[in-house]
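Work the whole structure out from these sequences, hints included.
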Amino acid sequence: MTLFLHQTPRASAVIVSILQMDLIILTVVFCLHDVIVNCNPGPLVDVVVDRYEIPKVCPREVQTEDFIRYHFNGTFYADGKKFDSSHDRGKAFISQVGLGRLITGMDRGLQGMCVNEQRRITIPPHLAYGSIGTGGVVPPDAVLVYDVLLLDIWNAEDKVQIRTLGKPASCHRTTVASDFLRYRYNGTLLSGAAFDSSYSRNATYDTYLGQGDLIKGMDEGLLGMCVGERRIVIIPPFLAYGETGHGTQVPPQATLVFEVLLVDVFNPKDDLIVEVKEAPEGCTRRTLTGDYIRYHYNGSFQDGTAFDSSYERNSTYNTYIGMGYVIRGMDKALHGLCMGEKRRITIPPHMAYGEGGVGDLIPASAVLVFDIHVIDFHNPKDPVNIKVTHMPRDCKATTEADDLIQYRYNCSLMDGTLLYSSDQFDTPSITTLGADKVIPGLERGLGGMCVGERREVVVPPHWGHGENGAGEVPRSAVLFFELELVELKKGVPEGYMFVWLGDGPDPLFPAMDLNGDKEVPLEEFSAFIMLQVEEGKGRLRPGVDADGIIKDMFNNQDRNKDGKIVEGELDDEPEQARRDEL
1 MTLFLHQTPR
11 ASAVIVSILQ
21 MDLIILTVVF
31 CLHDVIVNCN
41 PGPLVDVVVD
51 RYEIPKVCPR
61 EVQTEDFIRY
71 HFNGTFYADG
81 KKFDSSHDRG
91 KAFISQVGLG
101 RLITGMDRGL
111 QGMCVNEQRR
121 ITIPPHLAYG
131 SIGTGGVVPP
141 DAVLVYDVLL
151 LDIWNAEDKV
161 QIRTLGKPAS
171 CHRTTVASDF
181 LRYRYNGTLL
191 SGAAFDSSYS
201 RNATYDTYLG
211 QGDLIKGMDE
221 GLLGMCVGER
231 RIVIIPPFLA
241 YGETGHGTQV
251 PPQATLVFEV
261 LLVDVFNPKD
271 DLIVEVKEAP
281 EGCTRRTLTG
291 DYIRYHYNGS
301 FQDGTAFDSS
311 YERNSTYNTY
321 IGMGYVIRGM
331 DKALHGLCMG
341 EKRRITIPPH
351 MAYGEGGVGD
361 LIPASAVLVF
371 DIHVIDFHNP
381 KDPVNIKVTH
391 MPRDCKATTE
401 ADDLIQYRYN
411 CSLMDGTLLY
421 SSDQFDTPSI
431 TTLGADKVIP
441 GLERGLGGMC
451 VGERREVVVP
461 PHWGHGENGA
471 GEVPRSAVLF
481 FELELVELKK
491 GVPEGYMFVW
501 LGDGPDPLFP
511 AMDLNGDKEV
521 PLEEFSAFIM
531 LQVEEGKGRL
541 RPGVDADGII
551 KDMFNNQDRN
561 KDGKIVEGEL
571 DDEPEQARRD
581 EL
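Take the sequence shown: its position 479, counting from 1, is numbered 479 in my numbering, and each next residue is one higher.
Be a bit skeptical, because a hint or two may be false.
[As the list claims (entries may be wrong)] With a straight-line cut-off of 27 angstroms between C-alpha atoms, the simulated BS3-like cross-links for lysine-lysine are:
id	residue 1	residue 2
1	Lys342	Lys269
2	Lys387	Lys437
3	Lys537	Lys490
4	Lys269	Lys167
It should be emphasised that the hints constitute simulated quantities derived from the structure, not laboratory data.
Dropping the structure here:
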């Protein structure tokens, strides 16, 4: 040592440096030895948080003064033994964060947590129950471990949250207080756990809005909605079921999330809504009470769901107007319509099927929307309507009973649907007026026509094919005819083959005996009759073989069947009968 003490100053400095380095090395070795031998960590200074399950979406994190609802398992850090569990009690724990209602370590460990997040919170004794412990459950100086699942979060300042998921392009009205609503919904807790759904019952939820029939938050969340709109409505517990919850599905202090689809809305003060979609030009007549109407329709609810259609049945709906045969709203809406008009009619339930609905077809309190197309209408007192569209300058004769006529026609419904046409047969139609070969309305429409004249004739069903229809003609259909008279052959009364046009020859036999030989064979009789026709003095029944008619007439006068008529045979019967026969 003396040697060392007596070293030169420079040598002494070197020795001191070596001694210092040895001391450092010894110190490091000692410290490493201490870490290797003693593996127990030192006391925790603060809370340790392990976020081992974090949701992908976290719209909100726990902050001071927030209320939360969560499940937990509490264990001791030392041996893993469980000392408490909300799961075992079957009831989530509810508290407020950051105001001393929880142990300090839990207040800190819950900060920033998301709903559906799971985290492990390790809390040192001085931030838990300290050196005293609690109630014989937690011993002194115990490190506590909580495995927490956050279920709900809200604040006293929260309001109802509304997020619109989808909205129709057009919205004619939005919901207001006192409206009656029909809507579908899925109800979940904030954690996503479902508690109710109208879809599972295959029924809408029907209620008045703003009348206290709903929880306060839903009353608020449904305001201003359009039919067809879809919303998310998030309701804090104090605007929902609060501290009591609801049954077994909604726990106390639960935030509720509703996905809502508005199906229907009306107000008890609503009247019909009529929207004219298409109005024909030149409407000269509109429907009145007592008229009989035929119309097509599509029936749907306000959300567009169809419930009935006459088109699907390929048959119009036929009814009297204003006589109580249809729902009150439709009875009212069918007034003032034109043929061919198209309307959309919205009928509130108190003017339709009301609170009872109709079986599985019409729900209770449903607003009905009808898109109608008027095909035709008439009144049981309507006459045949005739409109002359073309009159020739030269009109020497007009049609009357017993005339044989040829005419062209188109027969259609009032909506323009063509039923029949003479063009189908490439030849005009032929008939004898007054022979009951056509419907009465057409018979009237053909009366008094000139050759070349054209007409439009509207035939109501009681002048047509009536309530039963015929062939392509629907029941109770009004028919529209376009007519043109092509040819007219004047006729003779029923039961006659020939008539005189004015006074016939008197005496008759000398006129018939063209060659003056006192006898008239068939050939001479035929020549006489045809001469009367050519000179316009007589008329044969049109549409029947002339030679056959003349032969029958001859045979009737040839009493003795000797092939000739003599004056005595004409004298055997009264003069008037003889003239009528001829």
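Against the structure, test the hints numbered earlier, and report the numbers of the ones violated in rising order.
none
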